[in-house]
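K.L.:
The primary structure of each chain is shown beneath.
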Amino acid sequence: MKLKLIVLFAICLCFSCVKEFPLENIAYDKLVVVDGIVTNENKRHEVTLSYTSILNSTEASSLNPIEGADVYVLDSDGNKFQYEATSPGNYSAIMPFKGVRGTSYQLRFTLTDGTEYESKETILLSSPPISSIYPQFTSKLQTASNREEPGVQFYINSKPENNEQIYFRYEWEETFKVVTPFVSIFGYDLDTREWYRREKTVNECYQTNYSEEIILATTSTNDNNQLSEIPVNFVSIAPNRITSDNLRNRYSIKVKQYAISSEDYNYYQRIKKLEDDTGTLFDQQLGSVIGNIININKSNAQVLGNFEVAGVSEKRAFFNPEDYGDSFEKPPYRYHCGLEEIQSTSEDSLYFYMSQGSYEIISVENVPINNFVFRFATKRCTDCSWFAEIKKPDFWIDE
Amino acid sequence: MRKILLFIFTICIASEVLHAQKTSTSLSLKFDSTQVLEVIKEIESTSNIHFFYKREWLQDHYVTQNFKNSSVEYILDEVLSPLGLYFFRMDSSIYITSGKNIISEFPLTESSINKNTDNIPPAGLLFKNDYSVKSDTLYGGRVITVGKRANFNAKNKSILTGQVTDLNDKPIKDVIVYTLDLNASTTTDSEGNYILSVPSGKVSLRVQRMGYKPITSSIVVYSDGQLDFLMSDDIITLNEVSVQAGRRENITDALMGLDNMKIEDIKNVPFVLGEKDIINVATTYPGIQKSGEAAAGFNVRGGKSDQNLILYDGSTIYNINHFFGFFSAFNSDILQNLDIYKSSIPAELGGRLSSVFDIESKTPNMKDFNFELGVSPITAKFKTEIPVIENKAGLMLGLRATYSNWILKRLQNVQFNKNRVSFNDFSAVYAHQLNESNSVKLSWYNSNDFFNIASDTLINFSNFEYQNQLASVKWNHIFDEYNEAEISVGHSKYNYNLQNAESDLNAFRQTFSLKEYYAKAVVSHFFKTNGKLQYGLESRFYDISPGTRDPLTDSSEVAAVNVQRDKGLESVLFVSSTYNPIERLKLNAGLRLSNFTLLGARSVPRYLENQPLNNDNIIGYDEYANNEMIKNYLSINYRFSTSFILDKNNSIKASYNKTTQFVHGLSNSASLSPTDIYILSNSYLKPQISNQFALGFYKNMDKNKYETSYEVYYKFMQNLVDFKTGSNFILNENIEQDILQGPGQSYGAEVSLKKSGDLNGWINYTYSRAFIKLDGETNEETINQGRYFRTNYDQPHSLNLVANYKLTQRVSLSMNGAYKTGRPITYPTAEYYYRGKKVIHYGDRNAFRIPDYFRIDFGINLEESHKLSKNLHTSWSLSVYNLLGRDNIYSIYFDNQNGELKGYELSIFNRPIPTLTFNLRFL
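Going down the list, the sequences are from chains A and B.
First residue of the first sequence: 278, per my numbering; consecutive thereafter.
First residue of the second sequence: 632, per my numbering; consecutive thereafter.
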């Protein structure tokens, strides 16, 4: 909950109150939403077309795809890039293409009812390389918890090459190694009721997360025309946070820098502003955010979303826990883990434990007179494959 | 949250000398073993006084005594006290009581005035008899003659001029002076002067002003002449005075939509935390709405909050709040008067669309030194009046400061006890009566607010401070009895700065500042018949720095931003006249010609034609040199108002007003936020214009005990300022890119009832609508499909009740009630995904409303000592704010948490808040 300025004062006076109220759907506006981007990457660029959904609708029904649309992109050189439907609401360029710096691109599409839409032509700018990505162990006030949380802030530096490159957007992708506290050496076959030595262990995995926040930066307010100390990702290591052990092992972050137009920047700013600035007595004017798409047939009809044209540059960096400084302590594994031990007197007792499905065998010890001591740990302390990938990513570089 | 009982210990040491004016009618009577009953009858027969008593108290007692030129009071005292009887006098009635000494000072009511009117002989006939007519005032028992007997002509009218002052020789403005036959009336100007044309001969004159004891005087007017009045404070009966405001003035005056507030009147209205707040009381008047407890601004007749001109001794004050609107910027101890103009704005005032709040400081006491000290849970205040030259010059100093930091430090909650909140204001007024025709008043005001907020990421700044500074000099010169002039010069300054010192690399300081200089000359000419011509010149120079940002530390990488200064000159020529073509009809016409010039130095972007104003469409810049004219706007504003008196108790009024506004306040929210900025009209931002038509009917009933008014209005406005969605006007070099302008419409009706008496107060209902249309060329510039839509201050219904019941002379109960429609908000209507992120779509702007507002406050006032001779005056008051503890929603906001949109309601003061105040006054 966001408590802001006046609320603080009012609470000082002990006379104010913030309460949640049931948000009923008073009205529903069904509008066309466009989500598309063309970059200088050579790929089958995508566009998603959908209708807005009813507020707080459940995940399953939340995307309201628009099917059967005729979608293409035109560039200022007269080229036409036809798109095709790949899944409901998703359209991809039939042939991969690469946006060219200095060329402008325009999205056009026609719905099955004949309504035509087009985006404003936008010139593709190139993105300067990201010169460095670096971490800083710090603490930061988190709006979700409304308290300072310890964590590592990753920053980037970049130097724009020309004065066209003023507005930037960032996306990041983090991948980190997960190592469970215990290694399950033995597996168990519930059918044959036999344990066996594993060929491959499942205690080392790689988990990948993607940025969700809109991260923007601009050099327009900087004297030196440099992008310095731009915060991209903050990884909280507070115990109750889902990110708490992301930095326990080797960590990699890839940052994508999009050089965008001032209009796209403003579009993102308005989207960001609407979600950031609620919750005060000084609320900003709420309203719909309109991007660069218009309905050709009915010019005052609202069309949501935006068609972005951007140059992209990216950089990946790897970090180990010791890179975050001396004061950084390696955070504990995300789950609490303990060992249990049984001595099998009958075949059944092992089956009893293993059939519950939440244990894995860590070790088996022979004891005299045809007996075994089994050590178990919970599955989540031995096997990371159910929440992360076992396969090492191609880009991964070990220390 | 706990209920907290707040003890407010307020010590007020006042020096207003209480002059208890006993009326004296001299009688010479001789009693020889006369029955007391007969004594009473004798007095009744000779003096027009009526007695109320129980016969059995008096009939068996006898008295032997000679009275020569003795007052009735003296006689009664001598006669009755041996019998253990007491009496008290109310007007021409004397009540005799047994065992209880009742000390009472009821106000002299209208009913007592009108008693004599029937017997007045026609003007011009003068009999010796006329000299013996009783009057009940300072001038009691004496008929006053004015003018030269030699110049007497019974058929002529004579001009009566004079000054009304209080016991400290301070002139009293807005005193209504009228003949009891109601054929002539006028009010005093700010120097207490009046001019009245009366038939020569015998005239009964009534001088009346709320807060003062009314004077009724019989005079004989031979020719033009001077008559000054001295009015004494009506201290004990203040509670009742509030509803006498402009009694009958409401019927006779041509101005409509005018409210006058005497600061003393707000004494009995219950307050939050025991602070008197003129602005909060003003919002209980019809047509003035505030959107909630903490809302900093207020809306007048469907106008935006920046469309109110608030003047303090002639200087504009730009931020009228301390502590985000919880307190108004003024220490009410130093204030004399507040005039609120909602529709008939005099031609000499203007520059804002909706209203003018004309606040006037007290004129310092030039006779006696005094001081007052007050302590409330939040503030401490001090006021002193120092005579510099006796009866010539006086100085008043007022200081108010918070000690809320002291409270904040003691809060258990760590998050709050790091916060710092403080404010103070200081005012000084010096008045000098140079000679009979020249007087000078110097006024200075300064206020400071400072906040330090610990959790700054929420608001992006950690320190915030703002200052108001006002200074003015006013020179009043009286040429002769028909002509006077007033010249004033002044200055006002408003600035704020905020700092973010969280991260060294990003530490910055951001500022806004506004300076206004003005000079004004007004000449008033009073006609020999009732009427007035007023004309003058005014010039205001604005110098605004809309925003600067500087790095706060050496290592900060924040680039310095300095938004171009806005400089402009507003020059005004105005003329207005009041004229009575026939006695029942009063006309008031005004013309205000204003010229606004935006001045350089400035570089002004040129945009592609027929394209939305944005950075992509800038084709070049025009450079203007310092003080070079960039853009000029000329506007002619007409002001008409008229009143037609149907009869003694009924009148109708109509008015048309055109106003123009060149200074625009920018705020994206419903309330004025601390980061609001003001900008001037420029090549792209046109002046806002309003045309208001208003019609009213006024009826007084039951001898002016009830005053009712019914007003309707319609406003058509042009170039109202609104914003594109998600716009940012802070540090915006090209503000025109984020602003939308469009026509607006407001209309409404106001019904008001005021009552005087033991149960007094006012109740009013306001119906008010406000719409705007933003229909631009592009989607970005079009809001709600280009239709008219309600503004975020459109609150159709509001009902206010302020009631005071005088249970006994010492105990009074008071109650406030307020109801209003919730203000419009923009509500989410759908959601969608963009870049894998859920985005909330908001429906039409201002299409929904927050719940309605309803609140009741209750107060009990206990006056302890009523003895006039005592100079120690104590009183207790207990008030409960929001008695019903209703959870009034101030604001609704939405938060997207893990993909789920949640709605929150914020309410302030959602519990009953009791406040106990103890007042101590040395008189």
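Hints are not guaranteed to be accurate.
Stated by the list, open to error - Partial list, derived from the structure: chain B residues whose beta carbon lies under 7 Å from chain A:
| # | residue |
| --- | --- |
| 1 | Pro1018 |
| 2 | Ile1020 |
| 3 | Glu1021 |
| 4 | Ala1024 |
| 5 | Lys1146 |
| 6 | Thr1356 |
| 7 | Phe1360 |
| 8 | Thr1460 |
| 9 | Ala1461 |
| 10 | Lys1468 |
| 11 | Tyr1473 |
| 12 | Arg1476 |
| 13 | Glu1531 |
| 14 | Gly1534 |
| 15 | Tyr1535 |
Claimed, not checked - Derived pair list, reagent style DSS-like, types lysine-lysine, alpha-carbon separation capped at 27 Å:
| # | chain 1 | residue 1 | chain 2 | residue 2 |
| --- | --- | --- | --- | --- |
| 16 | B | Lys1105 | B | Lys1163 |
| 17 | B | Lys1533 | A | Lys550 |
| 18 | B | Lys1404 | A | Lys550 |
| 19 | B | Lys1334 | A | Lys307 |
| 20 | B | Lys1334 | A | Lys550 |
| 21 | A | Lys307 | B | Lys1469 |
| 22 | A | Lys397 | B | Lys1469 |
| 23 | B | Lys1386 | B | Lys1334 |
| 24 | B | Lys1124 | A | Lys417 |
| 25 | A | Lys592 | A | Lys531 |
| 26 | A | Lys397 | B | Lys1468 |
| 27 | B | Lys1404 | A | Lys296 |
| 28 | B | Lys1124 | B | Lys1317 |
| 29 | A | Lys531 | A | Lys656 |
| 30 | B | Lys1469 | A | Lys417 |
| 31 | A | Lys549 | B | Lys1468 |
| 32 | A | Lys656 | A | Lys669 |
| 33 | A | Lys320 | B | Lys1468 |
| 34 | B | Lys1386 | A | Lys296 |
| 35 | A | Lys320 | B | Lys1317 |
| 36 | A | Lys575 | A | Lys454 |
Rather than coming from a laboratory, the hints here were simulated on the basis of the structure.
Since the structure is predicted, the reported quantities are computational estimates derived from the model, not experimental observations.
Think of the CB as a built atom: it goes at the ideal place given N, C-alpha and C, for glycine as much as any other residue.
K.L.:
Give a verdict on every hint.
P.N.:
Checked hints:
Interface hint status for B/Pro1018: violated, as the beta-carbon distance to the closest one in chain A is roughly 40 Å, over 7 Å. For B/Ile1020, the shortest C-beta to C-beta distance to chain A is roughly 45 Å, which exceeds 7 Å, and the interface hint is violated. Below 7 Å, beta-carbon pairs count as interface contacts, and B/Glu1021 has none with chain A, the closest being about 46 Å; its hint is therefore violated. With a least beta-carbon distance of about 42 Å to chain A, the hint placing B/Ala1024 at the interface is violated under the 7 Å criterion.
Given the 7 Å rule on beta carbons, the hint for B/Lys1146 is violated: about 25 Å separates it from the nearest Cβ of chain A. Among the interface hints, the one on B/Thr1356 holds; its C-beta lies about 3 Å from the nearest C-beta in chain A, closer than the 7 Å criterion. Taking 7 Å as the C-beta contact cut-off toward chain A, the hint placing B/Phe1360 at the interface is violated, the least distance being around 10 Å. Here the hint on B/Thr1460 is kept, as its CB sits about 4 Å from the closest CB of chain A, short of 7 Å.
Of the supplied interface hints, the one on B/Ala1461 holds, with its beta-carbon coming within about 4 Å of a beta-carbon of chain A, less than 7 Å. The restraint placing B/Lys1468 at the interface with chain A holds, with a minimum CB-CB distance near 6 Å, inside the 7 Å limit. This hint holds: B/Tyr1473 has a C-beta 5 Å from the nearest C-beta of chain A, less than the 7 Å allowed. Checking B/Arg1476 against chain A: minimum C-beta separation of about 5 Å stays under 7 Å; hint holds.
A distance limit of 7 Å between C-beta atoms decides the matter here; for B/Glu1531 the minimum to chain A is near 6 Å, and the interface restraint holds. At its closest, the beta carbon of B/Gly1534 sits 4 Å from a beta carbon of chain A; the interface hint therefore holds under the 7 Å criterion. Nearest Cβ of chain A to the Cβ of B/Tyr1535: about 5 Å, under the 7 Å cut. The hint holds. Restraint check: the Cα-Cα separation between B/Lys1105 and B/Lys1163 comes to about 21 Å, which is no more than 27 Å; the hinted pair holds.
A hinted pair counts as satisfied when its Cα atoms are at most 27 Å apart, and B/Lys1533 with A/Lys550 qualifies at roughly 17 Å. Pair hint B/Lys1404 plus A/Lys550 holds up; C-alpha atoms about 24 Å apart against a cutoff of 27 Å. Between B/Lys1334 and A/Lys307 the CA atoms are separated by roughly 63 Å; this puts the pair beyond 27 Å, and the hint is violated. Between the alpha carbons of B/Lys1334 and A/Lys550 the distance comes to roughly 60 Å, so the proposed pair goes past 27 Å and is violated.
Proposed proximity of A/Lys307 and B/Lys1469 is supported: the alpha carbons are some 15 Å apart, at most 27 Å. About 23 Å separates the Cα atoms of A/Lys397 and B/Lys1469, which keeps this hinted pair within 27 Å; it holds. For the suggested pair B/Lys1386 and B/Lys1334, the alpha carbons sit about 11 Å apart, so the restraint of at most 27 Å is met. Annotation: proposed proximity of B/Lys1124 to A/Lys417 is violated, straight-line Cα distance about 38 Å (limit 27 Å).
Among the hinted pairs, A/Lys592 with A/Lys531 is consistent with the structure: their alpha-carbon atoms are about 5 Å apart, no more than 27 Å. Straight-line distance between C-alpha atoms of A/Lys397 and B/Lys1468 comes to about 22 Å, which keeps the hinted pair within the 27 Å bound. Between B/Lys1404 and A/Lys296 the CA atoms are separated by roughly 34 Å; this puts the pair beyond 27 Å, and the hint is violated. Between B/Lys1124 and B/Lys1317, the direct Cα distance comes to roughly 24 Å. Compliance with the 27 Å bound is thereby established for this hinted pair.
Straight-line distance between C-alpha atoms of A/Lys531 and A/Lys656 comes to about 30 Å, which puts the hinted pair past the 27 Å bound. Distance hint between B/Lys1469 and A/Lys417 is fulfilled; the C-alpha atoms sit about 24 Å from each other, no more than 27 Å. Taking the CA atoms of A/Lys549 and B/Lys1468, the gap is near 11 Å; set against the 27 Å cutoff, the hint holds. Among the hinted pairs, A/Lys656 with A/Lys669 is consistent with the structure: their alpha-carbon atoms are about 20 Å apart, no more than 27 Å.
This hinted pair checks out: A/Lys320 and B/Lys1468 have alpha carbons roughly 22 Å apart, not beyond 27 Å. For the given pair, B/Lys1386 sits about 40 Å from A/Lys296 by alpha-carbon distance, which is inconsistent with the 27 Å threshold. Only pairs whose Cα atoms come within 27 Å are accepted, and A/Lys320 paired with B/Lys1317 is rejected, the gap being roughly 49 Å. Between A/Lys575 and A/Lys454 the CA atoms are separated by roughly 52 Å; this puts the pair beyond 27 Å, and the hint is violated.
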